[in-house]
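Engineer: These protein sequence lines are chains A and B, in that order. Residue 130 in this note's numbering sits at position 130 of the first sequence, with consecutive numbering throughout. Residue 232 in this note's numbering sits at position 232 of the second sequence, with consecutive numbering throughout.
Since the hints were derived computationally from the structure, they do not count as laboratory data. We treat Cβ as the ideally placed atom computed from N, Cα and C, and that holds for glycine. Possibly wrong hints are sitting among the right ones.
To be verified - One side only, chain A facing chain B, incomplete, derived with CB under 10 Å:
hint, residue
1, Asp91
2, Ala137
3, Phe146
4, Phe161
5, Thr169
6, Val185
7, Trp187
8, Gln190
9, Trp246
Claimed, not checked - Mimicking SDA-like on lysine to any residue, the simulated pairs with C-alpha atoms at most 25 Å apart in a straight line are:
hint, chain 1, residue 1, chain 2, residue 2
10, A, Lys97, B, Lys48
11, A, Lys97, B, Leu120
12, A, Lys97, B, Phe144
13, A, Lys97, B, Leu241
14, B, Lys48, B, Phe144
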Amino acid sequence: MARSFKDVEYTKVDLNSPHKEFPARDTSVGLDDGDEDDDVHYDRPGSTAGDRAKLIRDGGADGEDGETTEEAAKKPSVLSMAYYQQFFDVDTNQVGKRILSSFVPRPNRNLVSDDIRHSPDLYGPFWVCTTLVFVTAIAGNLADYFQTSAAGGNYVWVYDFRKVTFAATAIYLYWWLVPLLLWAVTWWRQVPEKYAYLELLCLYGYSLSIYIPVSVLCVIQLAAVQWALILLAMALSGTVLALSLWPSVSSGERRTAVGLLTAAMLLHAALAVGFKLYFFHVTSGGGGSASSPATPTYSGRTSATTRAAATTRKTPSG
Amino acid sequence: ASLPVEGILSSASVASTVQSSSSISANIDAEPSTIDEPVRATILRDVKAIGNKFLLVFVPRSSRTLIKDWDLWGPLILCTILALLLQGHSSSSSSASHDGGPQFAQVFIIYWAGAAAVTLNAQLLSQSSSRGKKPAPSQRPPGFLQSVCVLGYCVLPLLLALIFSQLAVLVIPSGAFLVSFILRCLFTAASLVWSVYSASVAFLPVAESATAAAEADAASNPQQRVLFANRRFLVAYPIGLFYIVLAWLVLSGSG
Numbered sequence: 001m002a003r004s005f006k007d008v009e010y011t012k013v014d015l016n017s018p019h020k021e022f023p024a025r026d027t028s029v030g031l032d033d034g035d036e037d038d039d040v041h042y043d044r045p046g047s048t049a050g051d052r053a054k055l056i057r058d059g060g061a062d063g064e065d066g067e068t069t070e071e072a073a074k075k076p077s078v079l080s081m082a083y084y085q086q087f088f089d090v091d092t093n094q095v096g097k098r099i100l101s102s103f104v105p106r107p108n109r110n111l112v113s114d115d116i117r118h119s120p121d122l123y124g125p126f127w128v129c130t131t132l133v134f135v136t137a138i139a140g141n142l143a144d145y146f147q148t149s150a151a152g153g154n155y156v157w158v159y160d161f162r163k164v165t166f167a168a169t170a171i172y173l174y175w176w177l178v179p180l181l182l183w184a185v186t187w188w189r190q191v192p193e194k195y196a197y198l199e200l201l202c203l204y205g206y207s208l209s210i211y212i213p214v215s216v217l218c219v220i221q222l223a224a225v226q227w228a229l230i231l232l233a234m235a236l237s238g239t240v241l242a243l244s245l246w247p248s249v250s251s252g253e254r255r256t257a258v259g260l261l262t263a264a265m266l267l268h269a270a271l272a273v274g275f276k277l278y279f280f281h282v283t284s285g286g287g288g289s290a291s292s293p294a295t296p297t298y299s300g301r302t303s304a305t306t307r308a309a310a311t312t313r314k315t316p317s318g
Numbered sequence: 001a002s003l004p005v006e007g008i009l010s011s012a013s014v015a016s017t018v019q020s021s022s023s024i025s026a027n028i029d030a031e032p033s034t035i036d037e038p039v040r041a042t043i044l045r046d047v048k049a050i051g052n053k054f055l056l057v058f059v060p061r062s063s064r065t066l067i068k069d070w071d072l073w074g075p076l077i078l079c080t081i082l083a084l085l086l087q088g089h090s091s092s093s094s095s096a097s098h099d100g101g102p103q104f105a106q107v108f109i110i111y112w113a114g115a116a117a118v119t120l121n122a123q124l125l126s127q128s129s130s131r132g133k134k135p136a137p138s139q140r141p142p143g144f145l146q147s148v149c150v151l152g153y154c155v156l157p158l159l160l161a162l163i164f165s166q167l168a169v170l171v172i173p174s175g176a177f178l179v180s181f182i183l184r185c186l187f188t189a190a191s192l193v194w195s196v197y198s199a200s201v202a203f204l205p206v207a208e209s210a211t212a213a214a215e216a217d218a219a220s221n222p223q224q225r226v227l228f229a230n231r232r233f234l235v236a237y238p239i240g241l242f243y244i245v246l247a248w249l250v251l252s253g254s255g
């Protein structure tokens, strides 16, 4: 339906109607027609109503609208800074609110539709993931140190930098690959109310935020405590994830919806359990070191130490 | 008459290439007065400029010189020394000689990619321009490399902590491991706080001169002013994360 430039409205999202403008956001190669000289300071107005409608693009010859003008007007060139600035249009309290609601499940609230939809951002997800990478690596290092010094091994405080690279790979892959797969399946199955890829990215990024304090707490060398923390975090953030995804996927076929949700939950659980096993394994008596096969050499060294220590004397479990 | 001109031209080109390869701090002098100086004077002037910036790190104040006379020599020197020191130890008690510590390239990447990420983050959050018209060139937010310069210079306290820690490990006998560890922790923590403080004092004005520009430029848009003011923590947090990661490298690289 042809819309004129003046009466476009972006903040009211009618969830019952198919979202025409949101797919436009994630097919996001902004085909710019020319105006790239004022790139660095191209303004993107704040996320409140009406401002987007007033976005004036100077110099752009967008008077002709076979394409709707507001689409051409709101998408600056991919090469310009302004294009990426629109993904960082958040305030501190917005980020805080989103992080908080990512692990406090409330049945009648949907993280995506309530918080994220009107201005998805990439600041929160990116820095949550980066923080998680380093916190997990540091905490894993600390945990190894406490563990082997408790076992009596003469452990020199040396860290394994490969922990950082492994953590980074796993977390970043999870952050952008799983939403991509989700989005691709919803697109393939033509789920009517699918989320845009950007929103999924946002959702998944924020859902990882609970693991940051959990990683810090997992330094405690009690296997029961560690497992309890991990499972609690998994349950909380998984619930929020499910609650947010369900309205979208359930608008399609039943089978697809159930399958997608199950897959998402399984992957979420796999990430959590994998982290626990890789970074925070606590040996209890001989041979229990559940070192994941991903790093044979490093875990081999410490577990060899602990196994040797365990066989010579009884180590207290956990 | 051509021979003397050739002579002057060749010395001028040598001097000007030396000068252009050094920092921009010499822009106060008129060009002709520095052409004939010996190369040593040019280099000494730049060394003094770098040294001045190191001193500025010790006494953090939001000085405009750090913004205007930026250079990347200081960060490069700091990064190289940091990377060299961090891999200088091959711990004797373990079997592998290079025991999982960061390689030179990894420190480099963390340092520069980290500084770039923090700066990019600040730039993306800034949104300083007003709507629909270009701001004047004098009101542009400071550039990418200036912020990288500030971040790089403020790593100096952490480098000092690394030197102290490695010396402490050499001096203190290995029996008193806990004592030396706590001492090193304290020192690293203090230098971390110092780095973050001096970076935020110097950096946030670097990022916030955008605010001043935006306020001057877009006074008709009160919303814009409020927007940026609500993001100080978002801009400052990556700075803290960057230095925490470096502090962790320092702490665990001196065991």
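Engineer: All hints are to be evaluated individually against the structure, with a verdict given for each.
Structural biologist: Going down the list of hints, with the structure as the test:
1. Asp91: holds, 4 Å
2. Ala137: holds, 8 Å
3. Phe146: Since the shortest Cβ distance to chain B is 13 Å, the answer is violated.
4. Phe161: Holds. Min distance 5 Å.
5. Thr169: Check failed: Cβ of Thr169 of chain A comes no nearer than 14 Å to chain B, outside 10 Å.
6. Val185: violated, 30 Å
7. Trp187: violated, 28 Å
8. Gln190: violated, 34 Å
9. Trp246: violated, 31 Å
10. A:Lys97 to B:Lys48: violated, 48 Å
11. A:Lys97 to B:Leu120: Satisfied, since the Cα-Cα distance of roughly 24 Å is no more than 25 Å.
12. A:Lys97 to B:Phe144: Violated. Lys97 of chain A to Phe144 of chain B sits at ~30 Å, over the 25 Å cutoff.
13. A:Lys97 to B:Leu241: holds, 20 Å
14. B:Lys48 to B:Phe144: holds, 24 Å
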